[in-house]
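A.B. asks: What follows is the residue order along each chain.
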Amino acid sequence: MTHFEMELEKLKNIIIKIGKLAEIQVSESVSALLSEAAAEGKEVKKTEHKIDKLDVKIDEICQSIFALQQPVASDLRFIMSAMQISNEIERIGDLSISIIKKTKSIKDKHDLIAKFNIAELARQVELVTTKTNECFITRDESTIGEIFVLNKTIKNRCDEAIHDIITEMKTNSKAVVSGTNLVIVLKHLERISEHCTNIAEYVHFMIHAKIIKHEKFDDKKLDS
Amino acid sequence: MRDIKIEVKDLSLYYGEKKALKEISMQIPANKVTALIGPSGCGKSTFLRCINRMNDLIPDVTITGQMLVEGVDIYNKDVDVVNIRKKIGMVFQKSNPFPKSIYENIAYGPKINGIKNKTELDEIVEVSLRQAAIWDEVKDRLGDSALGLSGGQQQRLCIARTLAVSPDIILMDEPASALDPISTSKIEELVHELKEQYTIIIVTHNMQQAARTSDHTAFFYMGELIEMGKTNAIFTKPEKKQTEDYITGRFG
Numbered sequence: 004m005t006h007f008e009m010e011l012e013k014l015k016n017i018i019i020k021i022g023k024l025a026e027i028q029v030s031e032s033v034s035a036l037l038s039e040a041a042a043e044g045k046e047v048k049k050t051e052h053k054i055d056k057l058d059v060k061i062d063e064i065c066q067s068i069f070a071l072q073q074p075v076a077s078d079l080r081f082i083m084s085a086m087q088i089s090n091e092i093e094r095i096g097d098l099s100i101s102i103i104k105k106t107k108s109i110k111d112k113h114d115l116i117a118k119f120n121i122a123e124l125a126r127q128v129e130l131v132t133t134k135t136n137e138c139f140i141t142r143d144e145s146t147i148g149e150i151f152v153l154n155k156t157i158k159n160r161c162d163e164a165i166h167d168i169i170t171e172m173k174t175n176s177k178a179v180v181s182g183t184n185l186v187i188v189l190k191h192l193e194r195i196s197e198h199c200t201n202i203a204e205y206v207h208f209m210i211h212a213k214i215i216k217h218e219k220f221d222d223k224k225l226d227s
Numbered sequence: 069m070r071d072i073k074i075e076v077k078d079l080s081l082y083y084g085e086k087k088a089l090k091e092i093s094m095q096i097p098a099n100k101v102t103a104l105i106g107p108s109g110c111g112k113s114t115f116l117r118c119i120n121r122m123n124d125l126i127p128d129v130t131i132t133g134q135m136l137v138e139g140v141d142i143y144n145k146d147v148d149v150v151n152i153r154k155k156i157g158m159v160f161q162k163s164n165p166f167p168k169s170i171y172e173n174i175a176y177g178p179k180i181n182g183i184k185n186k187t188e189l190d191e192i193v194e195v196s197l198r199q200a201a202i203w204d205e206v207k208d209r210l211g212d213s214a215l216g217l218s219g220g221q222q223q224r225l226c227i228a229r230t231l232a233v234s235p236d237i238i239l240m241d242e243p244a245s246a247l248d249p250i251s252t253s254k255i256e257e258l259v260h261e262l263k264e265q266y267t268i269i270i271v272t273h274n275m276q277q278a279a280r281t282s283d284h285t286a287f288f289y290m291g292e293l294i295e296m297g298k299t300n301a302i303f304t305k306p307e308k309k310q311t312e313d314y315i316t317g318r319f320g
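Read top to bottom, the protein sequences are chains A and B. Numbering follows the working numbering, in which position 222 of the first sequence is assigned residue number 225; successive positions increment by one, without gaps. Numbering follows the working numbering, in which position 71 of the second sequence is assigned residue number 139; successive positions increment by one, without gaps.
You may find that some hints are simply not true.
[Stated by the list, open to error] The following residues of chain A were derived to be distant from chain B, with all beta-carbon distances above 10 Å: (1) 8; (2) 38; (3) 49; (4) 67; (5) 73; (6) 78; (7) 79; (8) 113; (9) 123; (10) 145; (11) 219.
[As the list claims (entries may be wrong)] Computed beta-carbon distance windows for the label pairs: (12) A/59 <-> B/109: 39 to 49 Å; (13) B/85 <-> A/63: 49 to 59 Å; (14) A/12 <-> B/155: 50 to 60 Å; (15) B/290 <-> A/211: 45 to 55 Å; (16) B/97 <-> A/8: 33 to 43 Å.
Source of the hints: derived by calculation from the structure; they are not laboratory data. For every residue, glycine included, the Cβ atom is placed at its ideal position computed from N, Cα and C.
Same shape as in the complex, but just chain B (with noise of 0.2 Å):
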């Protein structure tokens, strides 16, 4: 692969006493949407949080090896964990915009930033929200709160405000598991535009969406990585038959 934006080398976490990834060595390659797919307790989204530190927040773990973004140990002592959230933007299950108007949730972040001018705010809040396929659909109610959105904008609005402080990296929890058909296309639709910009990691449940919307697909059992490799490869020749058995659902 190349030009790797991200580089796992023997990532192990360990919650307390227990081994939730073991020995994890992966390469995550720039501008390309990788899924990553296994059953329930896998440790798939135990291992998306480690790529923005998110599990730094759960009391009792550990983790060893190292996680390179662009080269540089995120693990490192001197790594300032927000900038790696900055650039390192996260998109959960359930949408969770702030009970704000539409315009503030997209703003909020680059305000925080420093950003205080109106004309360069105006001009994020628009690109963000057309990036994420929305503009059309709440530019003429931008002050109106984004409670009051379907759960699929809401879900974009998310989006829309994780690009609005320009991230390298996107993470995407099971995005669309909560939405129906129509909203799940067009969050789909949106992670293939998106690559072009961004590298996206996505985790889901769903094989038919890492399918559709992966270049590669990474899957995971029991804490390891079995396989990892080009979604046509293994979604039509998977050479693990752990692979093949969870992929055609004949798995245990």
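Pulled out of the complex, with its shape left as it was, chain A reads as follows (with noise of 0.2 Å):
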């Protein structure tokens, strides 16, 4: 393996250690939306520190590879990508973060998350980011078609959670904070999602050299 391998090989290593560390942020905030017990505040910041090192440590290793190897095509390509990716993972860590503090303010959490059916949906941006990483790692073309499946029936979901709990706050005064605070958790779950949809299409860029980030979901054609 010549230096520049290695230094491509380390970088990729770098993007899945950051990556699983994003999953299991994504992971902490739905149990905390979810369960009872309240998520370790300690561990959850340490993990934001980590993954804010390795978002560091990945500019600077691209850096240095565009200014002293000067890469081309699918090289280009990936490192182009490392970068994106690694900034839509950083999001996805501080997104993660504002969940676990937000879920703290709702008061009767597992009435409305009853109410409005938000446990599958939480539980399905948990299995996007996870297929996520997968396709990073695999570069496999039906997970990131899954994916963009995946993130059309998050964000429709997540409309219509938003539509009934404001439709509820209309009529029950008493339901407006902590329906309030729900639809924003609700939309940082959205959000995390189109992160991970991001991270999808840069590695399908990475495979074909197609950039395909403002295509209409109907329009994104997967076979190169």
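Put the two chains together into one complex; each comes in its own frame, and the hints tell you how they fit.
C.D. replies: Right under this line is the structure:
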């Protein structure tokens, strides 16, 4: 393996690592939302610091590769994607923290979650995060497609739940504070799924050199 | 590609028994820079030299196929090789100014072509040196020996000398490989400016130079043209695996 290939391998491993950490953060936030037990604040903070450090590390490695190796073709696409992916992952980490914080302010959490069918939605967000890491590692086209479909489902479910919560708040003023916080949590979950989709788009770009990030769902052609 | 300057059809070249170029077919567009890349011995310089029949000078060379420059096969028996070289200038890896004054280096070609008028020659010298982006550096010492110039200046002088006989096509064989980064950058900038008036074909080992200077890139390997396309496409998404392996340094 050449020095350059070792650098690329190192970068790939760091992205896998930061991706796994984000997956843990998302799981923690989903658990905080769905269970009685509060998330371990210290652990979550620690993971956040690790993600931030790796995010900076990825930027440094990419900068060094650009300056010293002048990558082209698939190497260039990989490094361009690596920078974007680490950015997306860092945001996923931040959103997870925000969910954990917001969850604490939701009174009657379990009643609301059951009423608006949020548990399944949260599990889907967890799943899309796992699949996103998987697609980066395997570069599997069908997993990328699954992520796009899952994201669409999550978005629709979020819209429906938010609509129902707002309707509830209109008639029940006691539900306004918790309802508002829950809407924010739902928006964060939706954003996490969006970031996962963005990552899948970068993986697609890595493989096929085709930029699909602003294409509508139905226009996304996955056959290169 | 619109406005094709050179069309190559099934061109093969043999050094004795050895086939150095294998059925090359390509179209080189006018007023663009085309880079020829590939590992040592792949045939890119041999191919470049076919474009102005420089290989005629090498004994035991056989060429088959066609090299059409503006539709005329330059290997046709009726074609005057002197006219071809007038029309197709060449710049080499190592600058090779004549051991004469800067002025004489430029005026030499036009004089041979029959231009005797001093005013006309002065004008050609100035225009050529300006086009080659070296006028300001030498205008006050045109009578000095060209050999006193720096390597980068000598190479630009050689480009000016090529331009002085008004060619249509300029062939460059590793024109900046012996130069420092500043001189290299000047040559590359010059190539970019000259393409408005000339069709340029450049052989380079420097991948970044090919990427920076050319509009189209052709990748040669073991005497074959593996892939030719827009430079942007070749360096971002080459179609052939061999091209990808070569430009990413994973060859062999």
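A.B. asks: Taking the earlier hints as the rules, which of them does this structure contradict?
C.D. replies: Of the numbered hints given earlier, those the structure breaks are 1, 5, 6, 7 and 15, listed in rising order.
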